[in-house]
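Trainee: This is what each chain is made of:
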Amino acid sequence: KQEVTQIPAALSVPEGENLVLNCSFTDSAIYNLQWFRQDPGKGLTSLLLIQSSQREQTSGRLNASLDKSSGRSTLYIAASQPGDSATYLCAVRDWGAGKSTFGDGTTLTVKP
Amino acid sequence: DAGITQSPRHKVTETGTPVTLRCHQTENHRYMYWYRQDPGHGLRLIHYSYGVKDTDKGEVSDGYSVSRSKTEDFLLTLESATSSQTSVYFCAISDSNRVERETQYFGPGTRLLVL
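Protein chains in written order, with our numbering: chain F, 218 to 329; chain B, 61 to 175.
Read the hints as simulated data drawn from the structure, not as lab findings. Since the structure is predicted, the reported quantities are computational estimates derived from the model, not experimental observations. We treat Cβ as the ideally placed atom computed from N, Cα and C, and that holds for glycine. Among the hints, a few may not be true.
Claimed, not checked - Using 27 angstroms as the maximum straight-line C-alpha spacing, the simulated DSSO-like pairs for lysine-lysine come out as follows:
#1 F/218 with B/117
#2 F/316 with B/113
#3 F/316 with F/285
What the hints assert, rightly or not - Pair by pair, the computed Cβ-Cβ distance ranges are:
#4 F/313 with B/80: 17 to 23 angstroms
#5 F/245 with B/173: 37 to 43 angstroms
#6 B/112 with F/237: 25 to 31 angstroms
#7 B/131 with F/299: 26 to 32 angstroms
#8 B/69 with F/293: 30 to 36 angstroms
#9 B/75 with F/258: 22 to 28 angstroms
#10 B/119 with F/262: 21 to 27 angstroms
#11 B/68 with F/313: 31 to 37 angstroms
#12 B/160 with F/239: 35 to 41 angstroms
#13 B/175 with F/232: 16 to 22 angstroms
#14 F/228 with B/82: 34 to 40 angstroms
#15 F/230 with B/143: 34 to 40 angstroms
#16 B/119 with F/245: 17 to 23 angstroms
Turn these sequences into a full structure, and let the hints guide you.
Mentor: Here it is, written out as structure tokens:
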């Protein structure tokens with residue numbers, strides 16, 4: 218059974234700092250990995266999708282990497298801003314299953 | 061934002077009452093999903109649909125049923141609500157015929173309280 222872990226559960230940084238969020242998964246047989254952002258009381262917003270054949274994807278200040286062999290992905294946020302404060306979740310789309318497995322998320326607070 | 065709406069957005073009901081949640085999309089996407097989100101459990105898949113009248117169970121399907129009679133609508137029914145079904149329910153849709161490129165888009169959620 219696929220397990221997805223995100224450590225730490227919470228992270229607080231000063232504005233302007235570059236930071237890395239981590240996502241690890243136990244089964245490397247995946248189609249893709251997706252990073253989401255969730256604001257309090259809201260739904261999930263898709264940030265980046267990395268296909269299993271890709272190593273990284275970039276969108277603005279965000280860069281996500283994928284290392285299938287080690288079961289790890291990172292989300293790099295450059296020059297963090299208070300508006301980046303949210304919970305960030307990763308999800309892997311498993312081979313042979315019509316579903317994704319989600320991590321519990323990392324709650325990020327960026328202090329002005 | 062993907063055109064996904066959920067109704068109702070908030071609901072309070074009593075134990076033993078049937079409840080139906082609706083997800084409506086305007087994107088004509090084939091796949092639709094129902095998740096629940098609970099502290100300590102993250103997001104868990106309840107049921108999903110891969111076409112009109114084509115549905116399958118997720119990991120926490122007991123006590124729930126679904127129906128999809130039109131591409132744009134996916135209904136989740138709690139047959140007899142229990143307090144353990146108090147949760148936030150999210151609908152999601154996905155947009156690709158190639159699973160490697162499948163991006164999921166989420167609705168705003170429905171907060172359900174079962175007393």
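Trainee: Does each hint hold? Answer for all of them.
Mentor: Right, here's what the structure says about each hint:
1. F/218 with B/117: Distance of about 16 angstroms is within 27 angstroms: holds.
2. F/316 with B/113: Distance ~18 angstroms between residue 316 of chain F and residue 113 of chain B Cα, so the pair holds.
3. F/316 with F/285: Holds, at about 18 angstroms.
4. F/313 with B/80: 17 to 23 angstroms: violated, 31 angstroms
5. F/245 with B/173: 37 to 43 angstroms: With a Cβ separation near 40 angstroms, residue 245 of chain F and residue 173 of chain B satisfy 37 to 43 angstroms, so the hint holds.
6. B/112 with F/237: 25 to 31 angstroms: Once the Cβ atoms are compared, 43 angstroms apart, the range 25 to 31 angstroms for residue 237 of chain F and residue 112 of chain B is violated.
7. B/131 with F/299: 26 to 32 angstroms: violated, 40 angstroms
8. B/69 with F/293: 30 to 36 angstroms: At roughly 34 angstroms between Cβ atoms, residue 293 of chain F and residue 69 of chain B fall inside 30 to 36 angstroms, so the hint holds.
9. B/75 with F/258: 22 to 28 angstroms: holds, 25 angstroms
10. B/119 with F/262: 21 to 27 angstroms: holds, 23 angstroms
11. B/68 with F/313: 31 to 37 angstroms: This hint holds: roughly 36 angstroms between Cβ atoms.
12. B/160 with F/239: 35 to 41 angstroms: Roughly 23 angstroms apart at Cβ, these two residues miss the hinted range, so it is violated.
13. B/175 with F/232: 16 to 22 angstroms: violated, 43 angstroms
14. F/228 with B/82: 34 to 40 angstroms: Between residue 228 of chain F and residue 82 of chain B, where Cβ atoms are some 36 angstroms apart, the hint holds.
15. F/230 with B/143: 34 to 40 angstroms: Cβ of residue 230 of chain F to Cβ of residue 143 of chain B: about 38 angstroms, so the range 34 to 40 angstroms holds.
16. B/119 with F/245: 17 to 23 angstroms: holds, 20 angstroms
Violated hints, listed in ascending order, are 4, 6, 7, 12 and 13; each of the other numbered hints is respected by the structure.
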